[in-house]
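Undergrad: The listed protein sequences derive, respectively, from chains A and B. Throughout, our numbering is defined as the position within the first sequence, counted from one, plus 37. Throughout, our numbering is defined as the position within the second sequence, counted from one, plus 421.
Watch out, some of these pointers could steer you wrong.
Claimed, not checked - In silico lysine to any residue, SDA-like type, Cα no more than 25 Å apart, as pairs:
id, chain 1, residue 1, chain 2, residue 2
1, B, Lys685, A, Arg77
2, B, Lys610, B, Thr568
3, B, Lys606, B, Asn573
4, A, Lys82, B, Val662
None of these hints come from the bench; they were simulated from the model.
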Amino acid sequence: MLKFVVLSLLLIASILTFLNPPLAAVAWLALVALGLKKDRALTLKILTRVANAALVLLAVLVITVAMFGGTIAEIKKEMIISEVKRWVMSQPQLVQKLGPKVKEFIAQQAERLIKAEGLDRPWYENLPYYLSTVVTLELRSQVLRSNTGSQLVRDITMERLPRTVLLFTTATIISAVAGILLGLVAARKRGSFVDKFVTFAALISASFPMWWIGMIMIQIFSYGLNLFPSGGMTSVPPPKELLAYLSDLLYHMALPLTTIVLVSFGGWAYVTRSILVGATKEDYVLAAKARGLAERVILLRHVLRPSLPPILTMIALSLVASLTGAIITEIVFNWPGMGLLYWEAIETLDVPVILGLTYVFTLVFVIAMLILDILYIILDPRVRG
Amino acid sequence: MEVVRELLSQRAGAFGAALFVVLLLLALYSMSSLGGYARLWHNTTYWSVYPSAVPPEWFGKLLYPDKVVPTLFLDPTNVTKKSLFNGAATNVTVVYEIPYSYGGVPNDIKLILNIKYESAPGVKVVFIRPDGKAVTVIRDSAKNIPTIISFNNFDQIKNNVYTWSRVSGVQPVELLFKEGDEVLKGTYKVVVTIIGLGEVDVRSELVVDGNVYGLMGTDIFGRDIFVYTMVGLPYGLLIGVLTSLIAAVWGTGYGLVSGYAGGKVDEVMQRILEIWYSIPALPILIMLAIIYKPTLMLIILLIAVFSWMGAAKVVRSMVLSLKNEGYVMAAKAAGAPSTWIMIKHVLPQVLPYTAAQVALGVPGAILTEVSLDFLGLGDPNVPTWGWMLHDAQVYGASVNGYWWWITPPGLMVALVALSFAMMGYALDVVLNPRLREV
Chain A
38 MLKFVVLSLL LIASILTFLN PPLAAVAWLA LVALGLKKDR ALTLKILTRV ANAALVLLAV
98 LVITVAMFGG TIAEIKKEMI ISEVKRWVMS QPQLVQKLGP KVKEFIAQQA ERLIKAEGLD
158 RPWYENLPYY LSTVVTLELR SQVLRSNTGS QLVRDITMER LPRTVLLFTT ATIISAVAGI
218 LLGLVAARKR GSFVDKFVTF AALISASFPM WWIGMIMIQI FSYGLNLFPS GGMTSVPPPK
278 ELLAYLSDLL YHMALPLTTI VLVSFGGWAY VTRSILVGAT KEDYVLAAKA RGLAERVILL
338 RHVLRPSLPP ILTMIALSLV ASLTGAIITE IVFNWPGMGL LYWEAIETLD VPVILGLTYV
398 FTLVFVIAML ILDILYIILD PRVRG
Chain B
422 MEVVRELLSQ RAGAFGAALF VVLLLLALYS MSSLGGYARL WHNTTYWSVY PSAVPPEWFG
482 KLLYPDKVVP TLFLDPTNVT KKSLFNGAAT NVTVVYEIPY SYGGVPNDIK LILNIKYESA
542 PGVKVVFIRP DGKAVTVIRD SAKNIPTIIS FNNFDQIKNN VYTWSRVSGV QPVELLFKEG
602 DEVLKGTYKV VVTIIGLGEV DVRSELVVDG NVYGLMGTDI FGRDIFVYTM VGLPYGLLIG
662 VLTSLIAAVW GTGYGLVSGY AGGKVDEVMQ RILEIWYSIP ALPILIMLAI IYKPTLMLII
722 LLIAVFSWMG AAKVVRSMVL SLKNEGYVMA AKAAGAPSTW IMIKHVLPQV LPYTAAQVAL
782 GVPGAILTEV SLDFLGLGDP NVPTWGWMLH DAQVYGASVN GYWWWITPPG LMVALVALSF
842 AMMGYALDVV LNPRLREV
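With the sequences and hints as input, model every part of the structure.
TA: Structure follows, in structure tokens:
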């Protein structure tokens, strides 16, 4: 009963965080109060973990801002100066009007822009500004824009996020399901063909770069056999009608999706198999066998049940991690998601976007680790200690 | 040594080790006989005489056996040098003969003309076909002619050939070698005549670019893909092993100290480890690479900095259980200093795990480095597989169907990674008996 209340409260608080932050804060506080009353040690442990995650986030942010403060600011300044120069020189009338004062004018304009972007100040003076805007993703991009023309990093990111989710989260779910099922079969029939295949697939997973497999897939299926498009998310222009749009989307998704699943399911199968095989070696399984329990019962109660927490956490971790996509795979397939956005931001040195995305990537990563740890603390009594 | 024996007794371990030995031998061969090519990586002039983006020879023989044209490097069959007007002028005639019995058209013809002169001489190049038809392809002053003349790309040749054949939009070489749809067989001749005032000295070579090349074909710059696949091998091994070694050694030291010291030190060190774990490595590496434009050694260090955590975790948990072993206790009771105990008693027990971590870390290390190169952020002076794939992507190898350009470097990356993954996997099984099959 208590567990149910805590879990539902947790769910409500999590959802509220995105919809209504003030209300969410109340829910979180209620959750903490409830926790402190019922299980002080556990709650304190989780709170420490959350504080730890916040610390990591802060550390990464400070490091990135510091990095940008130095060298990137210099690069950026040079870029601004040369851009201003080009802009002035492209207007012959202006040059004529200014006469010998051209250089001065360029310097003035560049100075103004540099000041406007805060590049003249040392990085630690920009830190509070950056931190406060980065956390809410309210900083403005310098080059990149969302499709609707917004310069807000939040809008740009939110536009890309669903696309990455569409491809990578779907792929993660498919490979997880396929891999876990395969791992189950492999663990039950050790030494069988399926078992050997799992090991083989896992070695492939570990050795081949996903994006290289992608290049090969494009080569074979889109240029060789002309079956699938070589990249992009939809045709240009995208079909107007909903059904046509969806089928067009699926058509474009097929190749990258297959690639990701092909490269990842082996890892899932192998890890699942290892966990299960490890579990069958436990003493209590031997004891259950000695007691003469049915094979089915042993598998369900003594092998699968204790193996569930690590597998569940693995799923949680991968689902969260899939939100960031994969930079190079998105480049190869020209898939306009988070990874490609990060690359575009780096190529154009769009500092706010880079900062914002690094924050999002770290946030996602930290949250995944947090979920993992908390799940462990809750699910595995041994960790509570 | 027992660990090594057990490793080899595992099938995966034996296979991984065998693969590693093969790769190592190939790397030694590459360093001893192909080492010089590393410096030619950016030398586009050197490679420009080779055929551009042609498939491997065996592929051509398989697909279009009667159309295969190999690449021919020809020296002049006849050079005559005449002094005119008592040395006031010189007339040099160079004749090339191309014995041609192939069913296909060459990719290109490249004439390399190194002319030393006092005042620019006139150059005339005549192409004579087996059916006797002669085309004057060049008639110009030496100062308007590049050192390496590509028959397909030099405008003057294009214009002359188009005027002669009254056809355009086709490669000039195709027009020169074909009569209707038939490729003419027999002896082709290229006659170069140079007349100039004063002393004229000519060194020249003629290259008939085939439509296939070597074992793995060439890339768009004419670079031999076999050569650079091999040249990349020692670098690939070095990057993978060194990165993983640095990471594992650092991780082992870290785990050793953290586990052995215990208490507050352990807690702080574990906290740092956690923070390190939470940093998304590739985005940060990409940023660092853009800002600092690192050399290969620096890249190796940077990747190692983001991959030592696994080793630290494994070693720490080992140390925690070793700490309470009888012999460690005894050494402590005998008054041995902590450093001594760590190095003399704990470290040797932990080393096999470090070895496993080295092997298991290689695939990740090499894949990361290849990714950085692929994005064009690696050390540009080192011809790695990542750079080959980068060039392939930039110059649209997929779009143009140059599969021979994409396949070898990726496969080699995978082979190196595979060999270490298998060895690491076997080591893991040897060291964790729970994973072993009953």
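Undergrad: If a hint holds in the structure, say so; if it does not, say that too.
TA: Verification of the hints:
For the hint pairing Lys685(B) with Arg77(A), the CA-to-CA distance comes to about 23 Å; that is within 25 Å, so the pair holds. Simply put, Lys610(B) and Thr568(B) have alpha-carbon atoms about 20 Å apart, close enough for the 25 Å limit, and the pair holds. Of the supplied pair hints, the one linking Lys606(B) and Asn573(B) holds, its CA atoms being roughly 20 Å apart against a limit of 25 Å. As the CA atoms of Lys82(A) and Val662(B) are separated by approximately 39 Å, the hinted pair breaks the 25 Å bound.
The structure shown violates just one earlier hint, number 4.
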